[in-house]
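Whenever a hint applies, use it, and build me the whole structure from the sequences.
Quick note, the sequences are listed as chains A, B and C, same order. Residue 1 is where the first sequence starts when you use our numbering, and the numbers rise one by one after that. Residue 1 is where the second sequence starts when you use our numbering, and the numbers rise one by one after that. Residue 1 is where the third sequence starts when you use our numbering, and the numbers rise one by one after that.
Hints are supplied without guarantee of correctness; some may be wrong.
Said to hold, decoys possible - Computed cross-link-like contacts, DMTMM-like style, restricted to lysine to aspartate or glutamate with a CA-CA straight-line distance of at most 25 Å:
| hint | chain 1 | residue 1 | chain 2 | residue 2 |
| --- | --- | --- | --- | --- |
| 1 | A | Lys79 | B | Asp290 |
| 2 | B | Lys300 | A | Asp28 |
| 3 | A | Lys39 | B | Asp279 |
| 4 | A | Lys117 | B | Asp83 |
| 5 | A | Lys39 | A | Asp21 |
| 6 | A | Lys39 | B | Asp290 |
| 7 | A | Lys76 | B | Asp290 |
| 8 | C | Lys33 | A | Asp125 |
| 9 | B | Lys118 | A | Asp125 |
| 10 | A | Lys13 | B | Glu175 |
| 11 | C | Lys33 | A | Glu134 |
| 12 | A | Lys39 | B | Glu214 |
| 13 | A | Lys39 | B | Glu261 |
| 14 | B | Lys300 | B | Glu123 |
| 15 | B | Lys118 | A | Glu131 |
| 16 | A | Lys39 | B | Asp273 |
| 17 | A | Lys8 | B | Asp279 |
| 18 | A | Lys117 | B | Glu174 |
| 19 | A | Lys13 | C | Glu9 |
| 20 | B | Lys300 | A | Glu30 |
| 21 | C | Lys33 | A | Asp21 |
| 22 | C | Lys33 | A | Glu30 |
| 23 | B | Lys166 | C | Glu9 |
| 24 | A | Lys79 | B | Glu174 |
| 25 | A | Lys39 | B | Glu174 |
| 26 | B | Lys119 | A | Glu134 |
| 27 | B | Lys359 | B | Glu330 |
| 28 | C | Lys33 | A | Glu91 |
| 29 | A | Lys76 | B | Glu282 |
| 30 | A | Lys39 | B | Asp274 |
| 31 | A | Lys76 | B | Asp276 |
| 32 | B | Lys300 | A | Glu91 |
The set of hints was computed from the structure by calculation and includes no laboratory data. No experiment lies behind these values; they were computed from the predicted model shown.
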Amino acid sequence: MMWTITLKIARYKPGEPARTDTFQVSIDPERTVLDSIEKIWAEQDRSLVFRHACHHASCGSCAMVVNGVEILPCIKLIKDVTKPGGTLIIEPLHNFPVISDLVVDMGPFFERMQIVKMPIVGPADPLPNQEPNEYNRFDDCIECGMCLSACPVVATDSKYLGPAALAAAYQILSSGDGNLSAQAWEAVDGEHGLWRCHVAFECSAVCPSNVDPAGKIMALRRRMTVERIRHLLGLGSSKKKREK
Amino acid sequence: MTSTQKSHSAIVIGGGSTGAAVAHDLALRGFEVTLVERGEIASGTTGRNHCLLHSGGRYCVNDREAGIECIEENMILRRIMPDCMELNGGLFAAFDDADMDYLPLLIEGCQACEIPYKKLTGEEARRLEPYLSPQAKAALWVPDGVFEPMRMCMAFLATAKANGAKVYPFTQVEELLMEGTQVTGVRVWNRIANRRYNLHAQIVISAGGPWAEEIAAMAGIDVPVIVAPGVMVSMTGRYSQHVINRCNKADDGDIIVPQRETSIIGTSSWTVDDPDYIDIPEDHVALMLDRGSQMIPALKQASSRGVFTVARPLIGREGEDEREVSRTFECFDHDEDGIGGFVTISGGKTTTARAMAEKTVDIACRKIGLDVPCRTHETVLLSYRAFYTI
Amino acid sequence: MPPVDSTSESKAYPGQSGRLPRRQVWRWFAFAKRSLGTWGFVLNRVAGLGLVVYLMLHLVVLSLLTRGPDGYNAFVALAHNPIFLLLDVVLIAGIIGHGLNGLRVALIGSGILVRWQHQMLIVLGVLGVVLLAIAAFLVFRI
Ligand SMILES: Cc1cc2nc3c(=O)[nH]c(=O)nc-3n(C[C@H](O)[C@H](O)[C@H](O)COP(=O)(O)OP(=O)(O)OC[C@H]3O[C@@H](n4cnc5c(N)ncnc54)[C@H](O)[C@@H]3O)c2cc1C
Ligand code: SF4
Numbered sequence: 001m002m003w004t005i006t007l008k009i010a011r012y013k014p015g016e017p018a019r020t021d022t023f024q025v026s027i028d029p030e031r032t033v034l035d036s037i038e039k040i041w042a043e044q045d046r047s048l049v050f051r052h053a054c055h056h057a058s059c060g061s062c063a064m065v066v067n068g069v070e071i072l073p074c075i076k077l078i079k080d081v082t083k084p085g086g087t088l089i090i091e092p093l094h095n096f097p098v099i100s101d102l103v104v105d106m107g108p109f110f111e112r113m114q115i116v117k118m119p120i121v122g123p124a125d126p127l128p129n130q131e132p133n134e135y136n137r138f139d140d141c142i143e144c145g146m147c148l149s150a151c152p153v154v155a156t157d158s159k160y161l162g163p164a165a166l167a168a169a170y171q172i173l174s175s176g177d178g179n180l181s182a183q184a185w186e187a188v189d190g191e192h193g194l195w196r197c198h199v200a201f202e203c204s205a206v207c208p209s210n211v212d213p214a215g216k217i218m219a220l221r222r223r224m225t226v227e228r229i230r231h232l233l234g235l236g237s238s239k240k241k242r243e244k
Numbered sequence: 001m002t003s004t005q006k007s008h009s010a011i012v013i014g015g016g017s018t019g020a021a022v023a024h025d026l027a028l029r030g031f032e033v034t035l036v037e038r039g040e041i042a043s044g045t046t047g048r049n050h051c052l053l054h055s056g057g058r059y060c061v062n063d064r065e066a067g068i069e070c071i072e073e074n075m076i077l078r079r080i081m082p083d084c085m086e087l088n089g090g091l092f093a094a095f096d097d098a099d100m101d102y103l104p105l106l107i108e109g110c111q112a113c114e115i116p117y118k119k120l121t122g123e124e125a126r127r128l129e130p131y132l133s134p135q136a137k138a139a140l141w142v143p144d145g146v147f148e149p150m151r152m153c154m155a156f157l158a159t160a161k162a163n164g165a166k167v168y169p170f171t172q173v174e175e176l177l178m179e180g181t182q183v184t185g186v187r188v189w190n191r192i193a194n195r196r197y198n199l200h201a202q203i204v205i206s207a208g209g210p211w212a213e214e215i216a217a218m219a220g221i222d223v224p225v226i227v228a229p230g231v232m233v234s235m236t237g238r239y240s241q242h243v244i245n246r247c248n249k250a251d252d253g254d255i256i257v258p259q260r261e262t263s264i265i266g267t268s269s270w271t272v273d274d275p276d277y278i279d280i281p282e283d284h285v286a287l288m289l290d291r292g293s294q295m296i297p298a299l300k301q302a303s304s305r306g307v308f309t310v311a312r313p314l315i316g317r318e319g320e321d322e323r324e325v326s327r328t329f330e331c332f333d334h335d336e337d338g339i340g341g342f343v344t345i346s347g348g349k350t351t352t353a354r355a356m357a358e359k360t361v362d363i364a365c366r367k368i369g370l371d372v373p374c375r376t377h378e379t380v381l382l383s384y385r386a387f388y389t390i
Numbered sequence: 001m002p003p004v005d006s007t008s009e010s011k012a013y014p015g016q017s018g019r020l021p022r023r024q025v026w027r028w029f030a031f032a033k034r035s036l037g038t039w040g041f042v043l044n045r046v047a048g049l050g051l052v053v054y055l056m057l058h059l060v061v062l063s064l065l066t067r068g069p070d071g072y073n074a075f076v077a078l079a080h081n082p083i084f085l086l087l088d089v090v091l092i093a094g095i096i097g098h099g100l101n102g103l104r105v106a107l108i109g110s111g112i113l114v115r116w117q118h119q120m121l122i123v124l125g126v127l128g129v130v131l132l133a134i135a136a137f138l139v140f141r142i
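Okay, here's the thing in structure tokens:
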């Protein structure tokens, strides 16, 4: 079975005004939104640029905004976002500079991830009934940037460290002997750090990988608050000292 | 070394694992490197593959050459990019008599290719992997691993950039520039800015994967590439730590790769003409689920997270059975076709990208009379994140 | 911290620098497709801004006192107008909304009941409506 659907895609090329192009594509509704965009590229417009690689929600590169919400189009089936004859409005991620069409510059995002140094591979919990062993696996966070796009605070404070990096900081601090560098502390606890969050929880709503950044930011805050209070009361800081 | 001091220049076409490794090797040997990729890095075959860092077990029975390549490269990649792989090993599990008959062949293959292995009883295997089917009679442990192809390319390219390489995504080669029978550069279409211009270099290396035939045709050369896609199904939930392989000769849906919180079942094989957009045969998806759940029955209840497909570049002639074609790579120095300054590298695997690059750059060096040894096997790569920040 | 919307030359796409997204205050209010949490966020922004405006007006009105009783009495007469009373209700709605949600934000922000932020918003929302109804009743009875 094939559906014919309409895609309204935000277009932009350097030096030209931004515009919206409308395409019609006939596609099996069991295939993904990303497939429909790739099909348009292959059959109708080779100048369309968009990022993609793994097609199974692991590389994080294809994130975009469809009908007003951040999605990972590689795991969103056509049948789950529209109906036969329906329309999809496709835009690049918000809050990032647009390089061309649906491509945004992820540089500043990766600089953030690099400052906190999120390890991309960490220990894997044993499966039910499995003998414990030192297994490892990729971190949940696929570094897609969707949380920064959805965050209303990033929209007006572009220096905000953002959900993904703050969640990573929490993860590091709560793992075995994890600690943050002085530079990371400065970013996490600074003017544009975790106290900026204004609990819209949108990051956790859009995250495609169950990271729950908002929950982690709040846990990090509690931890810091407790530490401050202990400090005020002269109890000294808790287990983890700051590396200065 | 700054680029003005470099006296040798090369253009690499294609930003998949092969092109990325070639660019890194060239930069390390002092070339001035420009890599052009028509899409995003790893948007071709590489990004969409099965993510298995092969131990060689899959090939050691039928294709010793490929088996040896895999285990050698597996050991090197662990060293040079230690921070972006799940290294939990793999099991070749035997479930029926035919599988049990294959086991001694597999052991013999592993010995011949020097792949480390450990024989396990069915019970031992299930203690390691409780979701494994109770039918499992025996298993062979091998050093398989799991990577992320895009991050792998980024790591190669970040290091290449640190050594002076220029990397241009969304830049498509439309024409090979020729002077007589010598390739002197490429004419590209920069799809970001929607502009066309020429780039020049002493040597042009095509690492176009399944598109290598199309690129070589621009110089009037025929490179025999079979375009053989495979389907993979990514299931929600992690059901093993090891890569689970069926202990039998390569067949459809006989590998389950755990990655993050998913299990990827793959793969199948057929042939198509155009690798740009591939329709997924419906029956292949059902086949993956069926074959996969023979090894891990819990997958029957799991929900599918995504289905994807992409084309292998196999070196061979149309009409040959694509499962029988060797999975090793081939490097074509087109001097032999009477065209100078042009090299094609295709076939192979992401696991063997570094070796492919080594051989290709050896040829490139020979062509311009340069004698610099390869150092990629001992050079630890930068973090993939550096690709975005340097 | 480099701004997310930095428009210096891109490292991943050499020779390119991105187009700055439009200034995005309006995106605080682009909540139609968003989750309940964002509705809470928007409510707080709107109510907060409203309360600031109200405080300003309030000060202006109070400053009438300095100009003697006439002006002030005229204002009080106006304040008994039903439309004005309605505005009072809106004011109370703002205070209740901002106050209750502020409580929620403060709790969550200290890492308390984080998992229940959704449910808390609903419960506080219901509570707020009840309080508002009582307040409206009192306002219009006077
Ligand atoms: C289904 C499947 C599963 C696989 N699983 C595994 C696995 O688990 N482990 C493993 O090690 N290997 C695996 N492989 C093999 C491996 O993925 C490929 O051999 C490898 O990715 C090939 O890389 P490449 O760089 O040569 O090709 P590609 O990744 O295809 O790179 C070629 C690039 O060239 C670009 N290009 C094309 N034309 C032009 C042009 N005119 N100008 C500029 N650029 C151009 C393309 O966009 C493309 O990105 C699998 C392959 C398939 C098909
Ligand atoms: S936290 Fe979630 S939304 Fe944010 S970058 Fe990571 S995976 Fe993407």
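Within a Cα-Cα threshold of 25 Å, do Lys39(A) and Glu214(B) meet the stated pairing?
holds, 20 Å
Below or equal to 25 Å on CA atoms is what counts here, so check Lys118(B) against Asp125(A).
holds, 24 Å
What's the verdict on Lys39(A) and Asp21(A), does the C-alpha distance respect the 25 Å limit or exceed it?
holds, 15 Å
Holds or violated: Lys300(B) and Asp28(A), Cα atoms, limit 25 Å.
holds, 23 Å
Tell me if the straight-line CA distance from Lys33(C) to Glu134(A) falls inside 25 Å.
violated, 42 Å
For the pair supplied as a hint, Lys33(C) and Glu91(A), confirm whether the alpha-carbon distance does not exceed 25 Å.
The hint holds at about 14 Å.
Does the alpha-carbon distance linking Lys76(A) and Glu282(B) stay inside the 25 Å limit?
holds, 18 Å
Quick one, are Lys79(A) and Asp290(B) close enough, alpha carbons at most 25 Å?
holds, 24 Å
Within 25 Å, alpha carbon to alpha carbon, are Lys13(A) and Glu175(B)?
Given pair Lys13(A), Glu175(B) holds - Cα atoms ~23 Å apart, limit 25 Å.
Going straight from one Cα to the other, do Lys33(C) and Asp125(A) come out at no more than 25 Å?
violated, 35 Å
Holds or violated: Lys300(B) with Glu30(A), Cα cutoff 25 Å?
Satisfied, since the Cα-Cα distance of roughly 19 Å is no more than 25 Å.
Sort out whether Asp290(B) lies within 25 Å of Lys76(A), counting only the CA atoms.
holds, 23 Å
When each numbered hint is compared with the structure, violations occur for hints 6, 8, 11, 13, 18, 24, 32.
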